[in-house]
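*Asks:* The lines below spell out each chain.
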Amino acid sequence: MEVIYITIGVSIIVAVMFFIAFIKSVKSGQYEDTYTPSVRMLFDDELVKPTKKKKTNNNQ
Amino acid sequence: MDVCYHCGNDCEDKSLKIEQKYFCCNGCKTVFEILNQSELNCYYDFEKTPGSIPNDIKEKYGYLDHQEIIEKLTSFSDETTEVVQLYIPTIHCSSCIWILENLHKLNDGIVTSTVNFPDKTVRFTYKNQEISLRKVVELMSSIGYEPYISLDDTEGAKNKVDKTLIYQVTVAAFVFGNVMLLSFPEYFEVDEYWLNQYKYVFRGLMLVMSIPVVFFSARDYFISAYKGISHRILNIDIPIALGIAVLFVRSVVEVLFDIGGGFFDSLTGLVFFLLLGKFFQKKTYNYLSFERDYKSYFPIAVTKICENGEESIPLQNIKKRDRLLIRNEELIPVDCILISGNASIDYSFVTGEAVPVEKESGAKLFAGGKQTAGAIEIEVVETIEQSYLTQLWGNDVFAKKSTKSIKNLTDSISKYFTMAILTIATVAGIYWSFIDVGIAVNVVTAVLIIACPCALALSAPFALGNILRIFGLRKFYVKNADTVEHLAKIDTIVFDKTGTLTSTSNSEISYTGTALTKEEQVILKSLLRMSNHPLSRALYAYLPVAYKKLEVQDFEEVLGKGVAATVGEMSVKFGAASFVGANKGSTNSTVIYVRLNEQVKGYYELKNQYREKVSQVFSALAPNYKLVVLSGDNDGERAYLEEILPKNTELVFHQKPEDKLDFIKNLQESKCVLMVGDGLNDAGALMQSNVGISISENINVFSPACDIIMDAKLFRKLPDFMRYAKKTVLIIKMSFGLSFMYNLVGMYFALTGMLTPVVAAILMPLSSITIVIFVTLCTNLLTKK
Chain A
1 MEVIYITIGV
11 SIIVAVMFFI
21 AFIKSVKSGQ
31 YEDTYTPSVR
41 MLFDDELVKP
51 TKKKKTNNNQ
Chain B
1 MDVCYHCGND
11 CEDKSLKIEQ
21 KYFCCNGCKT
31 VFEILNQSEL
41 NCYYDFEKTP
51 GSIPNDIKEK
61 YGYLDHQEII
71 EKLTSFSDET
81 TEVVQLYIPT
91 IHCSSCIWIL
101 ENLHKLNDGI
111 VTSTVNFPDK
121 TVRFTYKNQE
131 ISLRKVVELM
141 SSIGYEPYIS
151 LDDTEGAKNK
161 VDKTLIYQVT
171 VAAFVFGNVM
181 LLSFPEYFEV
191 DEYWLNQYKY
201 VFRGLMLVMS
211 IPVVFFSARD
221 YFISAYKGIS
231 HRILNIDIPI
241 ALGIAVLFVR
251 SVVEVLFDIG
261 GGFFDSLTGL
271 VFFLLLGKFF
281 QKKTYNYLSF
291 ERDYKSYFPI
301 AVTKICENGE
311 ESIPLQNIKK
321 RDRLLIRNEE
331 LIPVDCILIS
341 GNASIDYSFV
351 TGEAVPVEKE
361 SGAKLFAGGK
371 QTAGAIEIEV
381 VETIEQSYLT
391 QLWGNDVFAK
401 KSTKSIKNLT
411 DSISKYFTMA
421 ILTIATVAGI
431 YWSFIDVGIA
441 VNVVTAVLII
451 ACPCALALSA
461 PFALGNILRI
471 FGLRKFYVKN
481 ADTVEHLAKI
491 DTIVFDKTGT
501 LTSTSNSEIS
511 YTGTALTKEE
521 QVILKSLLRM
531 SNHPLSRALY
541 AYLPVAYKKL
551 EVQDFEEVLG
561 KGVAATVGEM
571 SVKFGAASFV
581 GANKGSTNST
591 VIYVRLNEQV
601 KGYYELKNQY
611 REKVSQVFSA
621 LAPNYKLVVL
631 SGDNDGERAY
641 LEEILPKNTE
651 LVFHQKPEDK
661 LDFIKNLQES
671 KCVLMVGDGL
681 NDAGALMQSN
691 VGISISENIN
701 VFSPACDIIM
711 DAKLFRKLPD
721 FMRYAKKTVL
731 IIKMSFGLSF
741 MYNLVGMYFA
751 LTGMLTPVVA
761 AILMPLSSIT
771 IVIFVTLCTN
781 LLTKK
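For the protein sequence lines, the chains are A and B, in the order given. Quick note: the first sequence, position 48, residue 48 per the working numbering, numbers continuous. Quick note: the second sequence, position 610, residue 610 per the working numbering, numbers continuous.
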């Protein structure tokens, strides 16, 4: 049963890693604008092929 | 009817078209051509008619060539690169994002541009060797995205968003989750060999993890409680801080002396829920500003006329007796005297007056007006700080920050609450100490733990936070949660007249004189179409006939005077009385005289138009509130107002901005006052009042400092919003009752010495969650109808 020290240790290390990742993402400003990236990712190749007509969903 | 391919306005004129695409004006057509050339016409694929009509800017941004001003506006600059963030009010759809982020296709000098849609800002990085800041701004304006640059932008860095609360919630959530898992074995109290073996590890881990929760996440509660005690106010944070402290100390003692498992799960859960409530209550509208003063309206620089030509100077450098040039659509920044040119001054965002005022040379002009008819030359009489309007900001009300001293509901109830639990804890402690001192300590701490008003402290934040969100969705933007509580306490409502009860965009037009035939009206309308004057546009929109293309000769528009032309056989003149040769009547309002074939036919009179349903709004409010109309105008409309408004409405006229402020101050001695206003002249009154609502036709740009910003179209809904605020406070009171019931149940366990970690761990989250569900459901139901 000594394995419990390892499992608990690992679980806490994983949790702390996610915790640090979250704090970093807040610090870098990822949560300041949560809307624009969702629209931006829908823009793709319009500029390469200007003739191609592409309708994306309307987000007002 | 065909609509403009660029902006979606109706196209009455079919002459402007490119390949089956119609345009309403040359501006829109030009934008299309610019984008088409750079193969950016995908702009029109994301959304239909995404554009806005570009304004004619000419030399308006000449001041952006000043090195001093560039340095103030840019957030980074060196020899090759500059970074600037600009606010662009016209951003509204995905096409806007797309075009603004592809600006580098239009000009190679722009390296990147990043849109922040909720804030309506764009951050540009550009090579300053290839393109100047002025060129960037002019490029934006040419495609209909004119940035809004004001004096405010140059003064210091913007307030940084405080992220401490986010970190506090994160820490609490992280620890809460882990502690819940680790404390699970304790709940079953089984004497199992392995559980007994490892429980010291579990307890130790929980203790270590709880330390940051108490000393970092819950820090603000201790600070607030300390402040409360030093000001001799028993606020809600005192029992909370006491509860957290007792929970922590008792748990640490239990673990260190191997008495039990402690209450770390309840402790971290409590802090997590409390912070979540705080977080929920914080609803901010990034793109709205509730703290504006005149600086947000004024331009950064003006054009000064010196001996050797024109020069752009920063606003602060204006001195008395300077000669300034104010171009069309520019704002007059100081009190001054008109030297030359035709002044037609639009005071709409100072007074709310819809119709521009014509001025002759030698007349005094006040700061804050916008010139609408060509360029004028003025001589400065007062510097910026000394001007009539800006002086208002010297008043004491603007010096002190948020001293609106109405106690909030939770704090007023917590006084009795705190005293009650302290009494119960003392009495129980004395009673049990006769029986067993050990149990006495147990019971006293248990009372303080269970009485920790978690549910009580959560009901107001969740109810108010939710109602704030609902209000926001209905375009009624409230500054913070306290304002909703204040709104519920209001017993007097003061309305500004011009711009608040009247509309700033529409004016009522009436005709006096010999009736015009239909043909004559068509001729008039066709000529009005060729004039750019705001009065012409208003009258054009009013005339009920269709526009027709006519042969027009000798068209001449005299700025600030009127229009003369010959149509077929008929000579037509319209405009000011002196221009057409009519006798100026005794009316004070703005009139347009019409002369056909040397004969004065009559005149159109433009009056402020009252908003829809003003009298319904007043009669809906009259039974519950004392109503006052406060106006800066003369009492010419008293009779009309008395007719449409309820009988007991008080009407006060001839009020200067300072008078309005003092009027509110006097009322406040016995009343709780809501001020509803619009222009900068109401700014003092809005600040002084308990709650200030600013009504705005365009919420993105113009609104003075206030507590609530409201879309002008929603004026008729004002009584509903007032009712919702009152009902919300009632819901909070009901949820207080519910949380007291939980406290009573918990108190039974505490007083009998039966409070085990399991009971605490069930009771606390249960009460918090039911309260949250209760208030959220109730506020949603309330506003559903």
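These aren't lab readings, by the way, just hints derived from the structure by calculation. Any given hint might turn out to be false.
As the list claims (entries may be wrong) - Below, a list of computed lysine-lysine pairs in the BS3-like style, where the Cα atoms sit at most 30 Å apart:
#1 B:K278 x A:K24
#2 A:K27 x B:K127
#3 B:K29 x B:K163
#4 B:K135 x B:K364
#5 B:K282 x A:K24
#6 B:K647 x B:K282
#7 B:K29 x B:K733
#8 B:K135 x A:K24
#9 B:K626 x B:K548
#10 B:K359 x B:K733
#11 B:K415 x B:K727
#12 B:K21 x B:K364
#13 B:K607 x B:K671
#14 A:K24 x B:K727
#15 B:K135 x B:K120
#16 B:K282 x B:K135
#17 B:K163 x B:K359
#18 A:K27 x B:K489
#19 A:K27 x B:K647
#20 B:K713 x A:K27
#21 B:K120 x A:K27
#22 B:K304 x B:K282
#23 A:K27 x B:K163
Unchecked claim - Among chain A residues calculated to face chain B with C-beta under 8 Å, some are:
#24 I20
#25 I23
#26 Y35
#27 D44
Said to hold, decoys possible - Covered by chain A, per the in silico footprint, the following chain B stretches (three or more residues, Cβ under 8 Å):
#28 195-207
#29 765-774
Just so it is clear, CB atoms sit at the ideal spot from N, CA and C, and this is done for glycine as well.
*Asks:* Decide, hint by hint, whether the structure agrees.
*Replies:* A quick look at each hint next to the structure:
no.	hint	verdict
1	B:K278 x A:K24	22 Å, holds
2	A:K27 x B:K127	28 Å, holds
3	B:K29 x B:K163	45 Å, violated
4	B:K135 x B:K364	35 Å, violated
5	B:K282 x A:K24	22 Å, holds
6	B:K647 x B:K282	41 Å, violated
7	B:K29 x B:K733	59 Å, violated
8	B:K135 x A:K24	37 Å, violated
9	B:K626 x B:K548	52 Å, violated
10	B:K359 x B:K733	57 Å, violated
11	B:K415 x B:K727	23 Å, holds
12	B:K21 x B:K364	48 Å, violated
13	B:K607 x B:K671	34 Å, violated
14	A:K24 x B:K727	41 Å, violated
15	B:K135 x B:K120	20 Å, holds
16	B:K282 x B:K135	39 Å, violated
17	B:K163 x B:K359	52 Å, violated
18	A:K27 x B:K489	40 Å, violated
19	A:K27 x B:K647	58 Å, violated
20	B:K713 x A:K27	39 Å, violated
21	B:K120 x A:K27	21 Å, holds
22	B:K304 x B:K282	45 Å, violated
23	A:K27 x B:K163	8 Å, holds
24	I20	10 Å, violated
25	I23	7 Å, holds
26	Y35	5 Å, holds
27	D44	10 Å, violated
28	195-207	holds (count 4)
29	765-774	violated (count 0)
Checked against the numbered hints given earlier, the structure breaks hints 3, 4, 6, 7, 8, 9, 10, 12, 13, 14, 16, 17, 18, 19, 20, 22, 24, 27 and 29 and satisfies all the rest.
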